[in-house]
Amino acid sequence: MEKQLALQLRGVTKHFGNKHANNQVDLDVYKGEILAILGENGSGKTTLMNMIAGIYYPDEGQILIDGKEAVIRSPKDAFDHGIGMIHQHFKLVDLFTAAENIVLGTRQEGRYSLRAVNAEVAEIVERYGFHLDPAKKVYDMSVSEKQTVEIIKVLYRGADILILDEPTAVLTPQEISRLFDVMRRMKEDGKSIIIITHKLNEVLEVSDRVTILRKGDHVATVNTRETDENQLTEMMVGRKVSLNIRRSEPVNAVPRIYVKDLNLYSSEGIHILKDLTFTVRSGEILGIAGIAGSGQRELLETIVGLHKPATGTITFINPKKDKPVTFFHKSLKRVKELAAQDAFHDRNMNPVSFQGMRNRDILKWVQSEDVLFREDEVIDLRDRTPLEIRQLGIRLSFVPEDRLGMGLVGSMDMTDNMMLRSYRKGHGIFLDRKKPQELAEQILRDLSVDTPGVSTPIRKLSGGNVQKVLVGREIAFTPKVFMAAYPVRGLDIKSSYMIYDLLNQQKEKGIAVIFVGEDLDVLLELCDRILVMNAGSMTGIVDARTTTKEEVGLMMTRTARRSGEAEE
Amino acid sequence: MNRRQTEEVREPLFHLTRRMGISPVKAWGIRAAAFVLGMLACGLIAFLLIERLRENPGRIGAFYYAFIKGSFSTSYKFWKFLKNVAILLCISLALTPAFRMRFWNIGGEGQTLVSVLGAIAVDFYFGGRIPEWLLLILMFAAALVSGAVWGVIPALFRAKWGTNETLFTLMMNYVATYLVSFFLVVWVPNGSSSLPRQQHGRLPTIGNDYLLIILIVLVLTIGLYIYLYYTKHGYEISVVGESVRTAQYVGIKVNRVIIRTMILSGMLCGLAGYLIAAGLDQTVTTESVGGQGFTGIMVSWLGGFNPLTMILTAGLVQFLNQGASQISQDFDVSGALPNVITGIMLFFIIGCEFFVNYKIHFRGSKKHAEAAAEMGRGIGK
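From first to last, the protein sequence lines are chains A and B. For the first sequence, our numbering begins at 1 and goes up steadily by one. For the second sequence, our numbering begins at 1001 and goes up steadily by one.
Extracted from the complex, chain A is given alone in its bound form (with noise of 0.2 Å):
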């Protein structure tokens, strides 16, 4: 069967300032084809794409539709040519019903009827196999069904052109699997779809053809079947890439802190954490998988301290077993107590007892680092607050998802983020910016961080330079357990096996890894153990190096399964 074009683009050309964001950009795309848009981050995918779906004009070029030249100002200009496209962001309003929202913004003659439109949404639901009910409320939905009600949204306002903006990058693997399944039939149906992906794996499944950009040009477009990964990335990134992740073994892994019985209720009394407990070791990473919004960030956020479980223990190990005593985080009253419990000995392994000695020979002694603990430190971090927990000396490290919001303050410059952890060290009221302002320059050079000098407010950086930032200022506090949430978000794959990278060496220091991903590939690549959370609750910890992202993507999802298998 010849097949038909759907849309044409001819030297399409987009600059945003003395940059192009496309340039000469010719693309075909036939009816009854997946096509996946395949580059990195600024490579122009999504420029290409709301140019189709007239969010933006482009400055040369044409597109065409059905063969004939096309003028797309607007969103809606693009809905009358057919074209529909589904944004990372859903535009949704909550209070609404799936049909609701469906027929929103649409305009039909006659009556509204709210009961044609369930039929007519049902049908739709039937022929390409989506599971909804027009009914549901969009607050009651989880991620999945509100992209399923953006898709219908498309469909019913008669789009034959669908865009799909990187749609699996919210979605459990079975979810991945049954969208996989509904594109497929939209296929079957006539429908050209055209989705935008940076996931290898996802586009070697689902797509007929590749088009690869590369910053704003047209690379190349092959046919799936003609190719493989590796030559993907190399198209991609434009040269080889090393797609692996080196995972050593974990030596003398012990335990670090003991997490047990976690209970954790939001201000407003929902049960954020069920009773979670776990053990984090020293040189392995756990990773920690689960939907968005099942805890994890919660569960980081009350370990630095940031929330006061209602109940269980969090239990942090100071590794000091057999090392000297210092006066570093201790007073002098501190460590006579400790000694009076019979908590050192000396190099010879005789206990320590300070009795009847002056405090100048005290302060000798422990300084000549011969007084040694006798067992690791054991404390308990609960109810304290960061900053109980820093004097304490017990240095965490936590990478928070919102890097901007939480982790550094964009106005301020990479000297000055730097601080953020170490401005109260040193006597007196005045801030010390000579130090941070040298960490500053050692990370720009280690982490090569693409910025105009340390003085850039940090808001201009790009989000990847802007992770370095954070990460590098984390690793530099040298800390005894590092926690990532998502660090791999918005980050190109170069940025990203970068900070897989360092993350696997914070590991082979011995440091306690933790790391918040989403991408199931990359958690059982990277991780030893990887800890499930469904709704707040543990699903279970299983073994990276055996286990399957079928079996962790079931764990992902089984209660939420069990109450739609209750419903059905």
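Take the hints with a grain of salt, since some may be wrong.
Taking lysine-lysine and the DSS-like style, the derived pairs with C-alpha atoms no more than 25 Å apart in a straight line are [as the list claims (entries may be wrong)]:
| id | chain 1 | residue 1 | chain 2 | residue 2 |
| --- | --- | --- | --- | --- |
| 1 | A | LYS364 | A | LYS336 |
| 2 | A | LYS434 | B | LYS1232 |
| 3 | A | LYS460 | B | LYS1026 |
Calculated directly from the structure, the hints in this document are not laboratory data.
Keeping the supplied structure of chain A fixed, place chain B upon it in accordance with the hints.
Okay, now just chain B, sitting in the frame of chain A:
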């Protein structure tokens, strides 16, 4: 052909984009241009409104000269100008630490007024009964404490119950005004509610009548600049202002910083109140602060919350005020015209900040494509 057709319907008439960075020269160029344009607009309005100017257009030169005359023609006017700048600057400085923390304290008026009241109360009850130096110290303490109390109450409510500080500080202004009215009724038995100048508790003078006040404010300006930019407290204020979540993340006790900073803010208002009470007025009325608590908000904001820049903005605002009064005197127009003129000037000066922060790209201009560029740039390089 086709391309030509689409050209006509391409993009909107103009785009607005946020500037990612502007050179100081360019920014000050825009501000200077706004000042000149504002002056031209004032001339035009004056021409339409002042009969004498219409009859004799040649006097337009005198109209502009009046601005300069208002502040600089005699040494008396010049000293008055400097004194007024100092008091306005002092109140603006007091508000600045709170603003840098994004705590929208619009209660500078009330905080300063209760400080004047506190100082005068001490003067009223103890004046003449205790040594002069002790009286001055007690007045000073009373002013600082009253200002700090007035400042910390909204901060405590915000910290404990999350109340809105803008409404709260605004309402505290009214409480301060009526408190003054109340004490005037109590203190002035004849019912005129006009407290005569007190004979005691006057700040000593050095050189000129106003020199001491000016020097005190100058020292305060430099001190506050150092406090905000080079101390740990100042750093904490900036972090809390930028992101409360980041502050919590690094272990800053946000409520403590808010309360501490509002005590400081209130105490600096107290200093301004003390300078007004002991250095200038020697009495208190409901108009002792005369709206400078509100003008100070603008001075602080225009100065980008930087104490050093605020010297300029306070000077500018005062220059306009005195110039406008001079015009009403010279052209024998009373009432609203000076306010109209300062209003026009401030409209231009504040309005131009929009053009400092945003760029306009007209359709067809060569650079119009940059518009979308900068829109999309933000994070993506």
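Query - Holds or violated: LYS434(A) to LYS1232(B), with C-alpha atoms at most 25 Å apart - result: Given pair LYS434(A), LYS1232(B) holds - Cα atoms ~14 Å apart, limit 25 Å.
Query - Agreement of LYS460(A) and LYS1026(B) with the hint, judged by alpha carbon distance not exceeding 25 Å - result: 20 Å, holds
Query raised in the report: Holds or violated: LYS364(A) with LYS336(A), Cα cutoff 25 Å?
Result: 13 Å, holds
In summary, the structure agrees with every hint in the numbered list given earlier.
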